[in-house]
Amino acid sequence: MFEAQMAQAALLKQIIESIRELITEATFEVSGTGMMLQAMDSSHVSLVALNLRSDGFQLFRADRPFSMGMNLNHMAKMLKCAGKDDTLTMRADEASDLVTFLFESPGNERLAEFELKLMDITSENLGIPDAEYSATVSMPSAEFQRIVKDLGSIGDTVEITVTKDDVRFAASGDIGNATIKCRQLLDTEKPEDRTLIEMVEPVNLTFALRYLINFSKATSLSPSVTIKLSTEMPVVVEYKLSDIGYVRFYLAPKIEDEEMEGEA
Amino acid sequence: MFEAQMAQAALLKQIIESIRELITEATFEVSGTGMMLQAMDSSHVSLVALNLRSDGFQLFRADRPFSMGMNLNHMAKMLKCAGKDDTLTMRADEASDLVTFLFESPGNERLAEFELKLMDITSENLGIPDAEYSATVSMPSAEFQRIVKDLGSIGDTVEITVTKDDVRFAASGDIGNATIKCRQLLDTEKPEDRTLIEMVEPVNLTFALRYLINFSKATSLSPSVTIKLSTEMPVVVEYKLSDIGYVRFYLAPKIEDEEMEGEA
Amino acid sequence: MFEAQMAQAALLKQIIESIRELITEATFEVSGTGMMLQAMDSSHVSLVALNLRSDGFQLFRADRPFSMGMNLNHMAKMLKCAGKDDTLTMRADEASDLVTFLFESPGNERLAEFELKLMDITSENLGIPDAEYSATVSMPSAEFQRIVKDLGSIGDTVEITVTKDDVRFAASGDIGNATIKCRQLLDTEKPEDRTLIEMVEPVNLTFALRYLINFSKATSLSPSVTIKLSTEMPVVVEYKLSDIGYVRFYLAPKIEDEEMEGEA
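Protein chains in written order, with this note's numbering: chain A, 1 to 264; chain B, 1001 to 1264; chain C, 2001 to 2264.
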């Protein structure tokens, strides 16, 4: 038996909206520590890791580890039916192939129960090693989204260069070139407006823009985003979910040869 | 000679917008009592009845009963050109095949005259008998619209069940099932937020969702909607227009056999 | 060497947005007096003239007359990347085939440099003679846009009639006819709300609506529009840019024969 209750159904709706374009089917793993999901996108290029800690829920009960394979587009259809202040209760048990989403309005005058069919998904075990990164940049998530979208109108890839004082995003294409430079900015009114650069050694890496643009759909989940970079390692783009967990996206850098190929 | 004046051209615009997807051509019948329209949708499944009483107009003059066949999409094109505070004067006479819509801005500095070509439409006489209903539910129109749209993403039909204390809307489809339950709610700040259930005997009826979704386009016409149900009778979905009349939609329930056929 | 600085990058963005549907490629001519552009639309029916005076820039330097051929859609892609309060610095020199757009955020913490490839465009020299007009109408630009859009849903051409007291816009089509009459209106709270008619002699001219609708994309550039009309002369539709210049659109009237042809 699995049961979990969230104060805001809208949070799970936003999470699923932000990842369902990358991954259409995924297995949620439920255990005493919480609810998590790891999946590669359909082209096997990027990886999504979602982690919701049990203590971030209003109520969380998982008698034993439990897997729930879901079609995220179907799940999104149901979560869209939640009112903006509705609470969400999820329920499932081994005896049934359904997960129940229960939306309750604040005054309790409206009760909506949605049952989603579960599915079997053969999921690979994806070992994500913890790593030390050469450079970590925290910046407003809306600013990151704007940069990758803007550069996406100029080229296919972005070259990210982190130095002690600034981070640069550069792209080029048929119509010309673009470079956007963000300076470290610590002294802001709100902490989430800061651009904070922690650099062990300078990095210079190139990534496919369309994946970064896709990751930035998670902008609504958090006012700031953290980008972790190391040479020859996948970049981590992390959106923290206050008091409950995080969504992380991983993307391998383009290596020189690939770029050549791409340009040929 | 027919002439009628409305304080808000926007009202007629909203009315036509809410019905023109169901019926593209219709005959307005004008007489001393007002202006009315009855028409079946093109698939002959649902029926629209519009009634605007003469006393709801600022000025109303109809020398004798008069029929005006109009293409509602063309009519909508013209009504869209009314400013949001414009008054509307309609004029027509037997000698011409045109109806004139005159939009006047409040300060009178702008005068727009649109002439729409009338058309001959062979219209059936649709006898709509007055009936007693087993259950009548009044609820916020926005809530009704949200329910039929939400369920429309799950299934094709909705099963409506009215009991003494609540009304339930249920749908099921390939991805799962949904049930939305609204409790009777009398003690609200605004009367239009109430959910009021008057039940003579319990009813349980099934309807095609796409028609109900279409009816709910009239949501902007009224803050509340009234749904009247009886076994083996068409449901009535009524939007009252304050001080002037109503728009009513009728839809026959699905019977068991049809459902079977639909599912096969 | 050419260098020019604008307080609001958003202004150039709006200008290019308002003309790029008519002209996709154009040559900007830069000289000591400022920056200008003249081009016919691709169908060679209408003409756009943009004039930005050097004194309207924060900084303007043009060592010698200089031509820059640009694809306006590519230019628009880059200008869309400017923040809403960013300043804009443009730079180009003869030695390179690039023009640089530099966007700086108010706090200077973000610097975006876009380089657009220039192109060779064989441009005709378009002599636009200064003329006296029979009638000049100034009116709110939003009102003009609304009229041409509204009439565009009724017919293909608009007949504009200016008399001493009012200006009339008339269109007709398959579904019916429309006439919109705007009275002279001098006594308004804001000067830009005025409708001012200066008439030497009455005029009655017919124009293709789709061009006027296209011109009205410049509505965001100015709260009022000035329309200058003379028999057998192109109409001028002018949007003044406060403190820096103007955008003017020219369109030849339809003559009787053309109309007949169009209707056949």
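FYI, nobody ran anything at the bench for these hints, they're computed from the structure.
Computed from a predicted model, the values in this text were never measured in an experiment.
Glycine residues also receive a C-beta, built at the ideal position from the N, C-alpha and C atoms.
One or more hints might be untrue.
Said to hold, decoys possible - Pulled from the structure, derived: some chain C residues nowhere near chain A, Cβ distances all over 12 angstroms:
| id | residue |
| --- | --- |
| 1 | Ala2082 |
| 2 | Leu2098 |
| 3 | Ser2134 |
| 4 | Asn2214 |
| 5 | Pro2234 |
What the hints assert, rightly or not - Simulated restraints on C-beta separations:
| id | chain 1 | residue 1 | chain 2 | residue 2 | range |
| --- | --- | --- | --- | --- | --- |
| 6 | C | Ser2042 | B | Pro1223 | 48 to 54 angstroms |
| 7 | C | Asp2187 | B | Asp1193 | 43 to 49 angstroms |
| 8 | A | Arg210 | C | Asn2108 | 46 to 52 angstroms |
| 9 | C | Ala2142 | A | Asn73 | 30 to 36 angstroms |
| 10 | A | Glu192 | B | Lys1080 | 40 to 46 angstroms |
| 11 | A | Ala95 | B | Glu1198 | 38 to 44 angstroms |
| 12 | B | Ala1142 | A | Val200 | 53 to 59 angstroms |
| 13 | A | Thr188 | C | Asp2093 | 57 to 63 angstroms |
| 14 | C | Asp2055 | B | Ser1096 | 58 to 64 angstroms |
| 15 | C | Glu2124 | B | Ser1067 | 35 to 41 angstroms |
Stated by the list, open to error - Taking lysine to any residue and the SDA-like style, the derived pairs with C-alpha atoms no more than 25 angstroms apart in a straight line are:
| id | chain 1 | residue 1 | chain 2 | residue 2 |
| --- | --- | --- | --- | --- |
| 16 | A | Lys181 | C | Lys2013 |
| 17 | C | Lys2164 | B | Asn1108 |
| 18 | C | Lys2084 | A | Asp193 |
| 19 | A | Lys80 | A | Ala142 |
| 20 | A | Lys80 | A | Ala131 |
| 21 | C | Lys2164 | C | Glu2113 |
| 22 | B | Lys1190 | A | Glu109 |
| 23 | C | Lys2117 | C | Arg2146 |
| 24 | A | Lys149 | C | Arg2168 |
| 25 | C | Lys2077 | A | Ile175 |
| 26 | C | Lys2181 | B | Thr1179 |
| 27 | B | Lys1149 | A | Glu113 |
| 28 | C | Lys2080 | A | Glu113 |
| 29 | C | Lys2084 | A | Ile213 |
| 30 | B | Lys1080 | B | Asp1063 |
| 31 | C | Lys2164 | C | Ser2096 |
| 32 | B | Lys1013 | C | Asn2177 |
| 33 | A | Lys254 | A | Glu21 |
| 34 | B | Lys1077 | C | Arg2146 |
| 35 | A | Lys77 | B | Met1233 |
| 36 | A | Lys181 | C | Glu2113 |
| 37 | A | Lys149 | C | Asn2071 |
| 38 | A | Lys149 | C | Lys2181 |
| 39 | A | Lys190 | C | Ala2076 |
| 40 | C | Lys2181 | B | Gln1008 |
Query - Assertion that C:Leu2098 lies outside the chain A interface [Cβ separation over 12 angstroms] - result: Its Cβ does come within 12 angstroms of chain A, the nearest being 7 angstroms, so this is violated.
**Report entry** Hint consistency between A:Lys80 and A:Ala131 [alpha-carbon to alpha-carbon, up to 25 angstroms]
**Finding:** Since the Cα atoms of A:Lys80 and A:Ala131 sit roughly 36 angstroms apart, the hinted pair is violated (cutoff 25 angstroms).
Requested in this report: Given the hint of 58 to 64 angstroms, check if C:Asp2055 and B:Ser1096 actually sit that far apart at their C-beta atoms.
Outcome: 59 angstroms, holds
Query - 25 angstroms Cα cutoff - pair C:Lys2077, A:Ile175 - result: Distance of about 9 angstroms is within 25 angstroms: holds.
**Report entry** Least C-beta distance between C:Pro2234 and chain A, which was stated to exceed 12 angstroms
**Finding:** 33 angstroms, holds
Query raised in the report: Is the straight-line distance between the alpha-carbon of A:Lys190 and that of C:Ala2076 25 angstroms or less?
Result: Violated. A:Lys190 to C:Ala2076 sits at ~33 angstroms, over the 25 angstroms cutoff.
Requested in this report: Measure nothing beyond the straight line between the CA atoms of B:Lys1080 and B:Asp1063; if it is 25 angstroms or shorter, mark the hint as holding.
Outcome: Roughly 29 angstroms separates the two Cα atoms, so the pair is violated.
Report task. Using the beta carbons of C:Ala2142 and A:Asn73, state whether their distance is inside 30 to 36 angstroms or not. Result -> 41 angstroms, violated
Query raised in the report: Would the pair A:Lys149 and C:Lys2181 pass a check requiring their Cα atoms to be no farther apart than 25 angstroms?
Result: 45 angstroms, violated
Query - Given pair status - C:Lys2013, A:Lys181, alpha carbons within 25 angstroms - result: 21 angstroms, holds
Requested in this report: Could you tell me whether the CB distance from C:Asp2187 to B:Asp1193 stays inside 43 to 49 angstroms?
Outcome: 44 angstroms, holds
Query raised in the report: If you draw a straight line from the CA of C:Lys2080 to the CA of A:Glu113, is it 25 angstroms or shorter?
Result: Roughly 44 angstroms separates the two Cα atoms, so the pair is violated.
Checked against the numbered hints given earlier, this structure breaks hints 1, 2, 8, 9, 13, 15, 20, 21, 23, 24, 26, 28, 30, 31, 35, 38, 39; the rest are met.
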